[in-house]
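Undergrad: Going down the list, the protein sequences come from chains F and W.
Taking the working numbering, I'd label the letters of the first sequence as residues 1 to 204.
Taking the working numbering, I'd label the letters of the second sequence as residues 1 to 262.
In short, the hints are calculated from the structure, not lab data.
As the structure is a prediction and not an experimental result, all values here were calculated from the model.
Heads up, some of the hints might be wrong.
To be verified - Restricting the straight-line Cα-Cα distance to at most 20 Å, the calculated cross-link-like pairs of lysine to any residue (SDA-like) are:
| no. | chain 1 | residue 1 | chain 2 | residue 2 |
| --- | --- | --- | --- | --- |
| 1 | F | K8 | F | P70 |
| 2 | F | K8 | W | W255 |
| 3 | F | K169 | W | W255 |
| 4 | F | K169 | W | E49 |
| 5 | F | K169 | F | I136 |
| 6 | F | K8 | W | W254 |
| 7 | F | K8 | W | L69 |
Listed below are the residues making up each chain.
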Amino acid sequence: MHDHDDQKLVQLALNGNTESFNQLVDRYQSRAYGLCVRMLGDADQAADVAQDAFISAYRHLPGLRGEFRPWLMRIVANACRDVLRSQKRRPSVSLDMTTDDDEAPALQIADTTAGPEEQLLRREMQQTIATALFTIPADQREVIVLSDIEGLSYQEIADITGINIGTVKSRLNRARMRLRELLYAAELLPQVRRLTSEQTTQGE
Amino acid sequence: MGQMHHIREEDMVLLTALLDGALNPQESATLRQRLATDHVLHEAYLDLELIRDQLNHLPPVQLPRSLRLDDGAFTRARGWRWWLTLPPGGVLTPAFGAVASIVVVVFFVQSLLAQRMPVEPMMMAVPAAESFMLEEAPAAQSRMLESAPVIESAPISEDAPMLADSAPASEGAPMIADSAPASEGAPMIADSAPASEDASLMAAPELAAPAEPMPLSDMGYQQYGDVWFNWAIAGVVVSAIACALSLRWLIQVWWRRRHQRS
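Looking at chain W on its own, in the form it has when it is part of the complex (with noise of 0.2 Å):
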């Protein structure tokens, strides 16, 4: 029975380079010089050669099965992301994109056409009884009042007794805004202190009533701004992600063509 004759590993790593053929040609002249000097050597030679050819004629391994996917296979590959990134899922990223825009141009309009809405049908809608409210109300309604946007802001005569917007105000005459330039004893609605006596706001109540919602129509177009605002940026948001994507899809799609011209 034959003996294992142990060879140094670095003789062993150059006869497997050897085997392999990855040796330089001088290198390899040189070991097969000694191949034919050192028995030991070449029986270690043989042996490394029988083994490879044993393992390479291994035959092959027959399949139990065909391992082709099915369409469940596929669609759990697929996963989410390939919808986002890839064909066909390609067309549905710009698609979205597009969409998004679009969304965003509308909810950007909306709330345009919602800032510039005529201000005054809402205010002449409300009934004349609640004028009256104003009255009664306590200082800090006020200071509400005064501290509201000025809704008339034309100049007023001195002899225009009226309240509306347009019309020149009279001396005597109760006022509206505190920032028009009124005339010395006319009364405003925004102090907190009760009308002039020649002048108050129960002698004509049905001039008064027209002002008096104002700030709180005015509240609420700030309510309505701000919610078509808040979908406009969740717009921007949503397009920006969209565009992304879109981005990426066209950087993958100019690669790979990039790469099967190279």
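The following block holds chain F by itself, in its conformation from the complex (with noise of 0.2 Å):
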């Protein structure tokens, strides 16, 4: 149904209609900021190529091929990629999603039935979690984000990235021992594993 609205919305931003365009805007600039800001890190970057991927896929509407939001994804990974390749040539490192307090809100933990010892290790990890994100390669980043984040199948991530099903695979298997070896490294995840196994059995 929301692909069949898509589709209908694409055709008339073709005939010219710019309202059109803006309300696919509307629908999907959270999830393609959130890819670009998981991706890079920088909320004003990530805003800014966000828009620039919706002008990219406004400028491409034509030779768009089948459903728009996978295509529109896709467009937006390519934009993270190559503003990252620009990075590794010129190195900055902004530090907007690991230390800043004021992001501290967009990483609260959702389960509030969880005790204050839970609830803190629980907020620890995901800070060091989207701390940890941004040591892994970019690469394994981008699936383990469009995997973990934006729950999309292997098919999709293989559509969006250009990249086969087994390197998808791959990738997000090494993201994920990558991750875990982290979040041992920082001594949460048995903590974490421990208090939730506790919690189990006292429902029980």
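Using the hints, put the two standalone chains together into the complex.
TA: Have a look at this one:
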């Protein structure tokens, strides 16, 4: 249904209706920005890159084949990759997502049933994960963000990133292994697991 | 404090696949049996599950501003190609093609009319005095006249004393064109030698006058025709480009409609 609406809006946008395209922007801007901010780590830069991706999408709208959403996410992912590539050439570190306390609300725990200690631990773990995400290679980060944060399937990730499913699986596996190592190094994972298992036992 | 147990990479691949539901039922059942007995494997699975859940429950990031595009962004995004290949540019492209075709037709008709315009009025308008210049013309200029197209094509009778193109020529009268069957003794303008004594151009300058500007006017017509021909070629090129763009537009429309139907 959503895709059907997308097709209608795309058709209207192709006929010159700019408001239709802005409706698509409204629909997908959070998702696009989310991917950018997880990939780049800089909130302002992520917003700029996401908007540029929408402009690029509008420019290349005539070439759209298939569904709009994966096609848009591919453009966004490519834009992020371009930025990361240019940053590699001219390194600059952004700590927006890692150390800025203003970002803390974005990392709050959704689970309100957990105890104070577990909440604290989970919050710390989420912050560590958010930090650790930027320590793993960009290609692995892209895949784990698309899979575990955006909730896309292997096939969708393969379409967006332009790699085969086998590569998606191996990158995802390496990314998760790396995160596990980092969380063990921060001594968070066993504590959270212990608390979770204790809570499960008490519940039973 | 817990110690991380390292497990084999292939086992991690299997655990990841199990976590994402990417294993077939048989492989899944086998792995679950192993998880029930292998404590290290089970621990790793729980870790992966926890990490994925944490990632999955990261709250959505707050947009610092709306990413909607303003008019300026749309204009920049369109670029110039938009107006040639797409609606509303798709309306422009066929119109451009039609205008180019009309221009080509106009050029063609005009060049055709220019080629068929009569020569006589311009020739007759040349003043008689100019004809005397031909008398002093050097031999090289006379050779040009020799190679000039024949104006007088009508057969000339032996008795007709005239120089006009339609009148019959008489014996001894000067001839304009050397290709015409002239009688013996008749002097030729094309000849570099002076006219014969019995009938020279000096004797009848008013008769020789109309014939002299012919080559010049002919060259003028050729140049006039060349200009229109160049315009016509340019028009054909523009028209071909417009037709190609129109064709591309039609293919795009057809392809999109076909895709929508499927």
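Undergrad: The structure should be examined with respect to each hint, and the outcome stated for every one.
TA: Do the hints match the structure? See the list:
| no. | hint | verdict |
| --- | --- | --- |
| 1 | F:K8 x F:P70 | holds, 16 Å |
| 2 | F:K8 x W:W255 | holds, 16 Å |
| 3 | F:K169 x W:W255 | violated, 35 Å |
| 4 | F:K169 x W:E49 | holds, 16 Å |
| 5 | F:K169 x F:I136 | holds, 16 Å |
| 6 | F:K8 x W:W254 | holds, 17 Å |
| 7 | F:K8 x W:L69 | holds, 19 Å |
In terms of the numbered hints stated before, the structure departs from hint 3 and from no other.
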